[in-house]
Each structure stands twice: as C-alpha cells, then as structure tokens.
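With the hints as extra help, turn the sequences into a complete structure.
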Amino acid sequence: MNDTATIQTRKHRTNQLLQRKEMVFDVLHPGKAAVPKTGVQGKLAKMYKTTPGVTFVFGFRTYFGGGKKTDFDMIYVFLDFSKKNELNYRLARHDLYEKKKTSRKQQKEHKNRRKKISRTAKAHVGTGKKLKQGRVCDDFFFSKCANFS
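Note that the sequence shown covers residues 1 to 149 in the working numbering.
Just so you know, these hints were derived from the structure itself, not from any lab.
The structure presented is a predicted model; accordingly, all values stated were derived computationally and were not measured.
Just so you know, even glycine gets a beta-carbon here, dropped at the ideal spot from N, CA and C.
Keeping only pairs whose Cα atoms sit at most 20 Å apart, straight-line, the calculated EDC-like set for lysine to aspartate or glutamate is:
#1 46 / 71
#2 49 / 26
#3 21 / 86
#4 21 / 80
#5 37 / 22
#6 43 / 26
#7 84 / 22
#8 11 / 26
#9 37 / 86
#10 100 / 86
#11 37 / 95
#12 43 / 71
#13 84 / 95
#14 99 / 86
#15 83 / 98
#16 46 / 26
#17 49 / 80
#18 11 / 22
#19 69 / 22
#20 37 / 71
#21 84 / 98
#22 21 / 71
#23 68 / 26
#24 32 / 71
#25 37 / 26
#26 122 / 109
#27 69 / 26
#28 11 / 71
Distance ranges between label pairs, derived from CB positions:
#29 116 / 11: 47 to 55 Å
#30 10 / 36: 16 to 24 Å
#31 112 / 68: 49 to 57 Å
#32 16 / 93: 19 to 27 Å
As structure tokens, then:
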C-alpha cells in the first residue's frame, strides 16, 4: 500500500457474541489514486496484529474531490468464526466459499417444477422430500384443499 495513505479508525466496538471487532475507518490519500482493498486489509491486519484472512473490509464510500474514502471493517478472532458468521459472498472474495455450480438447464427445470406447486411447498421441491400426492395447497392456509388425483 502507499506509504502516503493513512488509516484513521473510529466508531470502534467489540462484538463479543460474534467474536469480532467492528469499526468504521477513513483512508486518507490526498493527491494519490484510490488505494486497493488488499492494501487496506494488510495495513489494518498489521495495526491490530492479526492476519489479512480474518479482516473483512467492505462498503467503500469515496468522497467528492478525492483524497478520502470511508469504509467498514470486521476483524474476527478466529477464521472459524468468520466462516460461521460472515456472508457467503464476502467469504467468496477471500476464497473461503465456493458456490455450487448448476447448469442453466437444471436451473430452468427447477424453476418450472416450482411453478407447479403452491405456496410454502415450493421450498421442498429441490430437497428430495416427498410431497403429498394430489395436494395443491397447504393445510396451514386452507382447511379444505382441492384434490386433483
């Protein structure tokens, strides 16, 4: 990271339930181009004596005129806590999560199967659970359901 860029933390708090430190910080880089996220992560990890792998920075907001941007940061105590509590897309940015790849045809078949089923039963379409035969609606919403068998 540029040596001319400085980081000032504010609104610092420790979240004991989620085992992390949360803070808002400002990156000051007057007269220079934007500072990359990896550089900011490394500098924050060095400041708080952790590794960049448990430091999650997001929500960059640049100010008009340049030279300053604000960001939000979460530093976890252990990597296990970050895998448990952090959102999957942020974990994917750290190469800690990989989304299951399905083909386009499978996605369309799944969508069309869901269209044939009513209400909350749609959640069970792809799970492999057996649905009651011939039922169009849920007993929770209607006492008498239409039976088409």
